[in-house]
Amino acid sequence: MTVDTSERTAVPAAPRRRLSRGRVLLLSVAGVVLLLSLTRVVTGADVLTSSGTAGALLVLALPIALAGLGGLIAERAGVVNIGLEGMLILGTWGAGWAGFQWGPWAALLAAVVGGALGGLLHAVATVTFGVNHIISGVAINLLAAGFVRFLSELFLVGRSGGGATQSASIVGSVPRVSLPVLSSGPDLLGRLEATRVPVLADLGGLLGGLTRDVSVFQVAAVLLFPLVGWMLWRTRLGLRWRSSGEAPTAAETLGVDVVRIRYLAVTLSGALAGFGGLFLVLFAGRYIEGQTGGRGYIGLAAMIFGNWRPGGLLSGSLLFGFTDALRLRAPDAVIALLLLVAVVLLVLAVVSFVRHRRVATVLAGATGVVALLGWLLLDSLPLQVVATTPYIVTLVVLAVASQSLRPPRAAGLPYRRGQA
Amino acid sequence: MTAVRRLGAALAPPAVAVLIALAITALLLTVLGVDALTALRALVDFGGSAQGQANQLRTLLTGAVPLFLAGVAVSVAFRMNLFNIGVEGQYRVAAVCAAYVGGELALPMPLHVLVIVLVAMLAGAAYAAVPAVLKVTRGVNEVITTIMLNSIAVGLAAYLVAGPFRDSTAGEGGNPTTRPLGESARLPGFQDSFLLLGLQPPTRPVTGFIVVAVVVGVVVALLVSRTRFGFELRASGANPTAAVASGIPAKAMVLRAMLLSGALAGLVGLPELLSEDYSYGTSFTSGLGFTGIAVALLGRNSVPGIAVAALLFSFLDRAGPSLETQGIPPSVSTIIQGTVVLTVVVVNEVAARLLARREDRRVRGRTEPAAVPAAAAQQGEGRA
Numbered sequence: 001m002t003v004d005t006s007e008r009t010a011v012p013a014a015p016r017r018r019l020s021r022g023r024v025l026l027l028s029v030a031g032v033v034l035l036l037s038l039t040r041v042v043t044g045a046d047v048l049t050s051s052g053t054a055g056a057l058l059v060l061a062l063p064i065a066l067a068g069l070g071g072l073i074a075e076r077a078g079v080v081n082i083g084l085e086g087m088l089i090l091g092t093w094g095a096g097w098a099g100f101q102w103g104p105w106a107a108l109l110a111a112v113v114g115g116a117l118g119g120l121l122h123a124v125a126t127v128t129f130g131v132n133h134i135i136s137g138v139a140i141n142l143l144a145a146g147f148v149r150f151l152s153e154l155f156l157v158g159r160s161g162g163g164a165t166q167s168a169s170i171v172g173s174v175p176r177v178s179l180p181v182l183s184s185g186p187d188l189l190g191r192l193e194a195t196r197v198p199v200l201a202d203l204g205g206l207l208g209g210l211t212r213d214v215s216v217f218q219v220a221a222v223l224l225f226p227l228v229g230w231m232l233w234r235t236r237l238g239l240r241w242r243s244s245g246e247a248p249t250a251a252e253t254l255g256v257d258v259v260r261i262r263y264l265a266v267t268l269s270g271a272l273a274g275f276g277g278l279f280l281v282l283f284a285g286r287y288i289e290g291q292t293g294g295r296g297y298i299g300l301a302a303m304i305f306g307n308w309r310p311g312g313l314l315s316g317s318l319l320f321g322f323t324d325a326l327r328l329r330a331p332d333a334v335i336a337l338l339l340l341v342a343v344v345l346l347v348l349a350v351v352s353f354v355r356h357r358r359v360a361t362v363l364a365g366a367t368g369v370v371a372l373l374g375w376l377l378l379d380s381l382p383l384q385v386v387a388t389t390p391y392i393v394t395l396v397v398l399a400v401a402s403q404s405l406r407p408p409r410a411a412g413l414p415y416r417r418g419q420a
Numbered sequence: 001m002t003a004v005r006r007l008g009a010a011l012a013p014p015a016v017a018v019l020i021a022l023a024i025t026a027l028l029l030t031v032l033g034v035d036a037l038t039a040l041r042a043l044v045d046f047g048g049s050a051q052g053q054a055n056q057l058r059t060l061l062t063g064a065v066p067l068f069l070a071g072v073a074v075s076v077a078f079r080m081n082l083f084n085i086g087v088e089g090q091y092r093v094a095a096v097c098a099a100y101v102g103g104e105l106a107l108p109m110p111l112h113v114l115v116i117v118l119v120a121m122l123a124g125a126a127y128a129a130v131p132a133v134l135k136v137t138r139g140v141n142e143v144i145t146t147i148m149l150n151s152i153a154v155g156l157a158a159y160l161v162a163g164p165f166r167d168s169t170a171g172e173g174g175n176p177t178t179r180p181l182g183e184s185a186r187l188p189g190f191q192d193s194f195l196l197l198g199l200q201p202p203t204r205p206v207t208g209f210i211v212v213a214v215v216v217g218v219v220v221a222l223l224v225s226r227t228r229f230g231f232e233l234r235a236s237g238a239n240p241t242a243a244v245a246s247g248i249p250a251k252a253m254v255l256r257a258m259l260l261s262g263a264l265a266g267l268v269g270l271p272e273l274l275s276e277d278y279s280y281g282t283s284f285t286s287g288l289g290f291t292g293i294a295v296a297l298l299g300r301n302s303v304p305g306i307a308v309a310a311l312l313f314s315f316l317d318r319a320g321p322s323l324e325t326q327g328i329p330p331s332v333s334t335i336i337q338g339t340v341v342l343t344v345v346v347v348n349e350v351a352a353r354l355l356a357r358r359e360d361r362r363v364r365g366r367t368e369p370a371a372v373p374a375a376a377a378q379q380g381e382g383r384a
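Residue numbers (my numbering), protein chains in the order written: chain A, 1 to 420; chain B, 1 to 384.
Since the hints were made in silico from the structure, they are not lab data. It is possible that part of the hints are untrue.
With the C-beta cut set under 10 Å, the calculated list includes, among others, these residues of chain A facing chain B [as the list claims (entries may be wrong)]:
1. Val80
2. Ala125
3. Ile135
4. Val256
5. Val259
6. Gly293
7. Gly294
8. Ile298
9. Gln384
10. Thr394
These figures come from a predicted structure and were not determined experimentally. Cβ atoms here follow ideal geometry from the backbone N, Cα and C, with glycine treated the same way.
Use the sequences and the hints to build the structure in full.
Here is the structure:
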């Protein structure tokens, strides 16, 4: 302990070179591709970076990411939204109910409205009545689960083959697009993937899968992330929004209508979660009870993982989506994930060691070694255990990095107008 | 007088909330084209025959036991503002461990049950120790870790029951389960004792675990209200800063509260294990932990309140079949449950505000007339 502090005081903190946001993004993408490529070459699991996996990744990550984005805009305005799961459920029901009658565009509308209503309820309870945010969210999750069953029994049973737990199939289809030249027509990325050259083929597979034959809804959803980032950090409204989440009483004295912003934020939050629900319904082709499978909660975890920023949240969601995609498409290749997890954790351990964080080093190092041993010694992983990988990784990341996370300061705290 | 008033103040908000929830549900039903009166009648309908009524009473009591235990488990952590969303995962892990140990062991009757109960409590506490330790050492919020651990518990339990804990004597086919408990671990229930109350005995017994639930309820109530631990728990919840200032170890309290909550959560699956299924399989009831949160909220964290809330929830659950025979979706009972919880938390908040305002006015009324002349006198003195 004493050695540690003396070292810290002896070495003056060198001014750390700050990289521009764009470079950080490029570097991390490059790092991920390299890591994946390395894992693919070492394990021989080509499915890791195939375009099919990338396509599935997009489908599976978007509901999580959108729920997380909902959580992000609510918490940035100062309201913790555990009720995202319930809003996601309302979104899936709305999408299923409207979708089997009037097609995907109506499903979009109904999903967003359904989620937004859930958000509005949360806003009334937390902002107007000052109910504890977590309590209200838990109650909304319970209520939503019961409410959709009730609605199904009233409006889905016996209608074109729907039942109490599922709707009829969605009619119609969503327009799909591809990038010209790169992923359609000459399909340069597809050709790159076929070469199987390390790194290049991986890049071709991942980019090709993410840009080939994607629905316009998916494109819109992905665009929401830079949009929200721009809105929150580059506009006047965004400044007010974030100040409601950091110091609502101070914001109030400067004339910001905290209550109105919070209402807007939480309602929009629900709408985004509902939009996420739409993707689950479109993926399954119908509404199925329980198809959210706790993704609202996972979205919340992805948001924390991403340090309450859209980019971080998106990477967290991709992590969850990736494990999901592999588990569904190639259960045998999942063992390769262990190597990936091991490398990430060991890097994290080295970083923590350099920064003199002893507990974090031990935590990350130990789990990393366990993962490495698992990869070396096991032939296959039981599927049930594989399903838990993203949660375990999140737990480890939270345990290691929780000190460097910075939530909005006033998120979840009671606030009433006129306290200032 | 004051006792009556205090009781009234404690009972009035939940009662008002239940009435509001019923009104909202009735309105909702009417809007959606369902006859609300028929639904209400079906809710309170226990059937005409003595046998049917006894059976419904049995369902009501048996269903309330796990809900009560889950509610108590949640409330212990709630008392110091810890959100143990993880009761769900804790009872699942506890149930699979207890089922395995109980199935593999052969012990005389009371000892066998006791070992199973202990294993369940230990497993639940051990699983709750993860978020507790992460919170204390790394400052990770327990809400998010318990949510993660709930998902992990689903996978863990499925893996255990399909792999290491699987009943090796059963064939390969069929859903995997743990080895069924021996006769010595099967808890006797209450059936003929209904005759003592002048009732027909139900066709299946009420779970004997109800005795354990009552004991747990009494012990927890005493622990929270009459012991040093309980005082420190409540103090840490009411005002963490003041608690730390008066020497209550904050970190140790987090650990103790979470471990106790987890140990109690371990009991939640036992009524089903010891007196219904006798093994853990894929069909083991899930979701009790989440409902437990609702029950704890409705019961306002007090043990008697939680008992009433658990009975209310079980009462509503029980009405499912009779609603169905009336042509009304049985999920009406779930809606009422959800609405009740939401209205209860809102009404609690409103009641607290009203109370604070009244207190404010009372204090002001007492001090102001005295303060004003004094100030005036002082001013006068200054002038003179």
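message: Given a cut of 10 Å on the nearest C-beta pair, is the interface hint for A:Val259 held or broken against chain B?
response: violated (16 Å)
field: Minimum beta-carbon distance criterion (10 Å), A:Ile298 to chain B
entry: This interface hint holds because 8 Å falls under the 10 Å limit.
query: Holds or violated: is the Cβ of A:Ala125 closer than 10 Å to a Cβ in chain B?
result: Holds: closest Cβ of chain B sits about 6 Å from A:Ala125, inside 10 Å.
query: Does the nearest C-beta of chain B fall within a distance shorter than 10 Å of the C-beta of A:Gly293?
result: holds (9 Å)
task: Hold the hint about A:Ile135 up to the distance rule: shortest CB distance to chain B must be less than 10 Å.
output: holds (5 Å)
field: A:Val80 as chain B interface residue, shortest Cβ-Cβ below 10 Å
entry: With a minimum Cβ separation of about 8 Å from chain B (threshold 10 Å), the hint on A:Val80 holds.
Residue hint A:Gln384, partner chain B, criterion CB-CB below 10 Å: holds (4 Å)
task: Tell me if A:Val256 is really an interface residue toward chain B, meaning its C-beta lies closer than 10 Å to one of theirs.
output: violated (24 Å)
- prompt: Once the shortest beta carbon distance from A:Thr394 to chain B is found, is it less than 10 Å?
  reply: holds (6 Å)
field: A:Gly294 as an interface hint toward chain B, with CB separation required under 10 Å
entry: holds (6 Å)
The structure shown violates the earlier hints numbered 4 and 5.
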